[in-house]
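There are 4 protein chains.
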Amino acid sequence: MTKSRMEAFSDGVIAVIITILVLELKVPREPTLAALVPVAPVFLSYVLSFVFLGIYWSNHHHLIQVVEHVSGPVLWANLHLLFWLSLTPFVTNWMGENHLAAWPVALYGTVLLFAAIAYFILAKVLISLHGADSVLATALGSDFKGKISMVIYLVAVPLAFVNSWFSCGLYVLVAIMWLVPDRRIERTLI
Amino acid sequence: MTKSRMEAFSDGVIAVIITILVLELKVPREPTLAALVPVAPVFLSYVLSFVFLGIYWSNHHHLIQVVEHVSGPVLWANLHLLFWLSLTPFVTNWMGENHLAAWPVALYGTVLLFAAIAYFILAKVLISLHGADSVLATALGSDFKGKISMVIYLVAVPLAFVNSWFSCGLYVLVAIMWLVPDRRIERTLI
Amino acid sequence: MTKSRMEAFSDGVIAVIITILVLELKVPREPTLAALVPVAPVFLSYVLSFVFLGIYWSNHHHLIQVVEHVSGPVLWANLHLLFWLSLTPFVTNWMGENHLAAWPVALYGTVLLFAAIAYFILAKVLISLHGADSVLATALGSDFKGKISMVIYLVAVPLAFVNSWFSCGLYVLVAIMWLVPDRRIERTLI
Amino acid sequence: MTKSRMEAFSDGVIAVIITILVLELKVPREPTLAALVPVAPVFLSYVLSFVFLGIYWSNHHHLIQVVEHVSGPVLWANLHLLFWLSLTPFVTNWMGENHLAAWPVALYGTVLLFAAIAYFILAKVLISLHGADSVLATALGSDFKGKISMVIYLVAVPLAFVNSWFSCGLYVLVAIMWLVPDRRIERTLI
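Residue numbers (this note's numbering), protein chains in the order written: chain E, 272 to 461; chain W, 272 to 461; chain L, 272 to 461; chain Y, 272 to 461.
No wet-lab data here; the hints were simulated from the structure.
The list cannot tell twin chains apart, which means a pair is met if one copy fits it or any two copies do.
With a Cα cut of at most 27 Å, we get these calculated DSS-like pairs of lysine-lysine:
1) Lys395 to Lys416
2) Lys395 to Lys418
3) Lys416 to Lys274
4) Lys274 to Lys395
Small disclaimer: the values here were computed from a predicted structure and weren't measured.
Turn these sequences into a full structure, and let the hints guide you.
Shown next, in the form of structure tokens:
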């Protein structure tokens, strides 16, 4: 089974998610700078989610590049990842409209955590399909970044009930950590 | 006529449908756990529809893989399938917002039934184009799962007026039945 | 310049248009059959627009198939077509919510007319690029269906102010006329 | 790393942006011509943004065509461009609904300016990857149009607080300047 349609479908879903995020930015009625102020926290949530979706798309791109073939379970592991990503607009909006209240920030982190787990599962299913000595397995290595991200989310979610700014700081930290592109796969291919 | 654009268009439409489903999840105003409770039934409907659309995409992917060429009638049989799938967000939302009231649950099942019929027609049109001894015809075989699904929907729709929980149980049953990936085609290709 | 990205972009835009059409179907509050009744005219408009967009996609698919290369003007003639198609959700909704009042029906026909003109221009630009003795020019022939469609729209638009049911009848007539797939190109290729 | 998925993803995102723009056109309640009048300024903003997105898609298409390979930084420079383009529906709507008030017009120009800068960065990253004597570098040349566009935006944004019609006139001027397709690359390839 070829991977091309899985790529195309994932690109389509992530493209739509990243774009409908902006529909949550409600246009203010007044044409003044003051009217833009309440939009600001929603906008910042939007930027954060845009970056996270960009990271997932970029990593997905790197990952699937070293994939040679796919199977039924791979398609479903991929759909599972897309499911969690599809919840991003909902939690982004809830967090943005409530000025970083505890529950929305915790739920945002929970969705990020499950997306990270789904990505981890997808990588595992792909490795078990390609073998432990495949280019894919070598390229992914110990997946340190993926594991540390999950740990940070696990800390950040309960922390939201103490201080939601700390949680958001941790989400931004994970984003920055991943913004350094996934050179592991690029390096292995050279 | 090549199949690539039909694949790309179907991927696009299903990707958009699966993603705009989430737009129906209305963000609660209050940043509390209690405010999330009314969203729960809509969320469960969302999960069910996400799984159904995932099943259709996955089966479509398997089906089109053994297709060698397409024709005008194939394009329209495919558009007919996409038409019924495009109604999913509407019925999902109506069902979710009305806590499994009879009519919405029956209409949900009706849309699933027509989507199943449309998939059946698409397969038939493709088989008549490729011949009864083609790889495609062999791979599809007697299409037992497709036929039993239609029978279950036919039972579940009127049952919604007796007890809508039974109908939903039957929808979930069909989803589980299909979540086992369509190995028929994979097996034939080996 | 290759045609692949123009195909992909057109597929994407038409896929989104055809899918966001359904967002106009407002979910009724009551879970009763009676509550669905006011949705019916919007639904019928939806079906009509779905069919028209399906026709455009299918014809675009046939047309681009015989195209060998594209140019800057072709990209813009294509964007011009997509512009008129992108107005479909707006006019569909206006027509559906106003029970076939004169102005919405006339505007609906006007958008169809401009889309037909845009398709005509796209075909002309492509023919002038490929030459009058190309496969493309032979395949399109005199484009009788395209011309008669434009004439019917020109009649149907003012007719909306006399009797909007006649106009809608004419729109349905054009749709039926095109539902017979564009065998000209298929025939030429054999 | 191949460019195909970056193309597909960009096509998807721009296709969704260009299509959800039309969701901002709120359907009037009354089926009269008078009811359409308040939609007119939003419609004109829509046309302007459609043209700008068409220009970006067309130029992106020309640019990526001469690209031979991509890298992590290229993916992010591309996502950065898509980010600014994704803000188009928000600013288009704000400008259209406020009859060209100063702040919305200035913000619209600011988004255009940042999109232009992002495109400029993307081109620079691609040139540094391909080398100063590559086909890409030759094709782009001095990028006069890109630079003059940025200067015009820099003038138009503060001008909105003097007379927003002048600013809009300048935006239209830039659009017209780019509507002449980017023959530089086409010319270089011949």
